[in-house]
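*Asks:* Here is how the chains run, residue by residue.
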Amino acid sequence: MTLLADRTGAAPAALAAAGRGVAVRLDAVVKDYGTRRSTVRALDGITLDVTPGEFVCLVGASGCGKTTLLNVVAGLDEPTGGEVEVAGRTSVMFQEAALFPWLTVRRNVELALQLDGVGRVERRDKALELLTLVQLDGFADRRPHELSGGMRQRVALARSLARQGDVLLMDEPFGALDAMTRDLLHDELERIWSERRPAVLFVTHNVREAVRLADRVVVLSSRPGRIAATFPVDLPRPRRLDDAEVAGLAGTIMQTLRAEVARIGRAVHAGRDTPLAAGDRP
Amino acid sequence: MTLALDAELAGLDALDTVRAGTDGRGRRVWAAAWPKLLAIALALGLWQLVVWTDWKPDYVLPGPVPVLRRFATDLTTLDTWRALATTMRRAGVGFAMATAVGIGIGLAVSRSRVVRSGIGMLITGMQTMPSIAWFPLALVLFQLSEAAILFVVVIGAAPSIANGVIAGIDQVPPLFERAGRTLGATGWRSYRHVVLPAALPSVVAGLKQGWAFAWRSLLAGELIVILADRPSIGVRMQFERDFSDIVGLMSVMLLILVIGVVIDAAVFSTIDRTLRRRRGLLVA
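Protein chains in written order, with the working numbering: chain B, 3 to 284; chain F, 4 to 287.
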């Protein structure tokens, strides 16, 4: 296994990947969890390319390794096997905003810049500019606990953008929000993405959301996580969650997902050694 | 479309962040003060009641009025202030040393979870040790000297402070560390920007408890280690007892109590409340 890119900063190998027009390249990525005696395979041979500026959504039932895959790309987790290449640097958004409660909204965004070595005056201006982008400049001096969940996620988005990452990794970022806020944030994310064009790898269990946002929807099967199917989304933007085309494609994808879950169910019924507890792997 | 989105977002934000008006400063101070004043009045009343029952004669258990009167006169004498200066200097030096030692040990131990749980147990054990039990050893090691007093103050207070640091670092949410890593905070930068700020409320709680232990150890020390040319609060207590001046003795005790409470309230509780309010951990 080789890791070509230094995922906390741009590295020469990363530039090589960029030269081939790939933002993220996963080649037969395997990830095992567990002790030496018994391991569980979370990811099994994931091969996936994301081109620069592309918006890719990963969907799957629980336990399909979506989050594991994102962690591997983010460099928060090392793959057991296979190759991961990232052109440039990544920034990550979690389901929880994970803002630091001891800093104001502005200082939270500034911290990303400070860790990047940006000077004091410049990072102040830059942070306000990013907060303006997510339309929260009026809340710069508030504390995170004073904001709603949706506003915190927008601050987290501003903080992610502060890293000027070429790849934005999002782990169910809107999963904990109410439907109306989520709908607005879809519009907001789409607007910012079309302005800045980072490559996005967006994990969700909400198929409709995936079709609403993505250029391409990748369906993962569960335990171990494998790519079950890929659906290009050739629908014009801006899209709406309740567009007939969006609903139609989401329905098709949902059928694939349900077939996957049923396959596991049948395996359990047959009493065969299920892939759920794949013990004693080398 | 973009304008509509702007308006929608702004509307939602406004609905989500309604701020209740706060009371004026005077009202807030009064709201915080009256339960405390009432408690003091109750304590003094109870004391007076016990005196009125004639359980003990006046010269053994005086009432609050003569003691408070004596307290007021004591505060006007130079002797009191000189004694106070010695004691507060020792408290300051001892607490500063305890803070350095406690934070040093806390940080050293916190690097690994295994060491943390192992040493953590030892430190808790040290905490349960009464500081007075250290004196025989301190006197052998340092004789009758300032060093003996400081030794006991430090060994009394440092474990609480170390425990505060360890507990604080133990409780840092893993999500914060992960978020920090994705922003490039690794190694000591993760400590500096994520772990330590996140642990700060617990560190302050440790300091607060450490202060209480330091103050207790110090007064115990001053009663045992009496240095001839150095008047201190402890020495004064000893004197008043030797002369059977119980009003004077209780006046000094009152002084000790007041200092302990004032420092806790003015320094540690204030910092604690400020930290927690900023982080949204304080209700109302």
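Hints in this document: simulated from the structure, not taken from any laboratory.
Warning: the hint list may mix true and false statements.
To be verified - Listing some non-contacts, in silico: residues in chain F with all C-beta distances to chain B over 10 Å:
#1 Tyr62
#2 Phe145
#3 Leu284
As the list claims (entries may be wrong) - Using C-beta positions, here's what the derived DEER-type ranges look like:
#4 B:Gly140 <-> F:Val264: 55 to 61 Å
#5 B:Ala30 <-> F:Asp9: 44 to 50 Å
#6 B:Asp236 <-> F:Val118: 31 to 37 Å
#7 B:Asp29 <-> F:Pro177: 26 to 32 Å
Keep in mind it's a predicted model, so treat the numbers as computed, not measured.
Don't be surprised by glycine CBs; every beta carbon is placed ideally from N, CA and C.
*Asks:* Next step is simple, just say for each hint if it's right about the structure.
*Replies:* A quick look at each hint next to the structure:
At the 10 Å boundary, the C-beta of tyrosine 62 of chain F stays outside the reach of chain B, the nearest C-beta of that chain being 56 Å off. With a least CB separation of 41 Å from chain B, phenylalanine 145 of chain F remains clear of the 10 Å interface cut-off, as annotated. The claim that leucine 284 of chain F is not at the interface with chain B is violated, since a C-beta of that chain comes within 10 Å of its own (minimum 8 Å). Distance hint check for glycine 140 of chain B and valine 264 of chain F: the Cβ-Cβ separation is about 42 Å, which falls outside the suggested range of 55 to 61 Å.
At roughly 45 Å, the beta-carbon separation of alanine 30 of chain B and aspartate 9 of chain F lies within the given 44 to 50 Å, and the hint holds. Remark: the range hint 31 to 37 Å for aspartate 236 of chain B to valine 118 of chain F is contradicted by a beta-carbon distance near 57 Å. Here the CB-CB span from aspartate 29 of chain B to proline 177 of chain F is close to 29 Å, well matched to the stated 26 to 32 Å.
The structure shown violates the earlier hints numbered 3, 4, 6.
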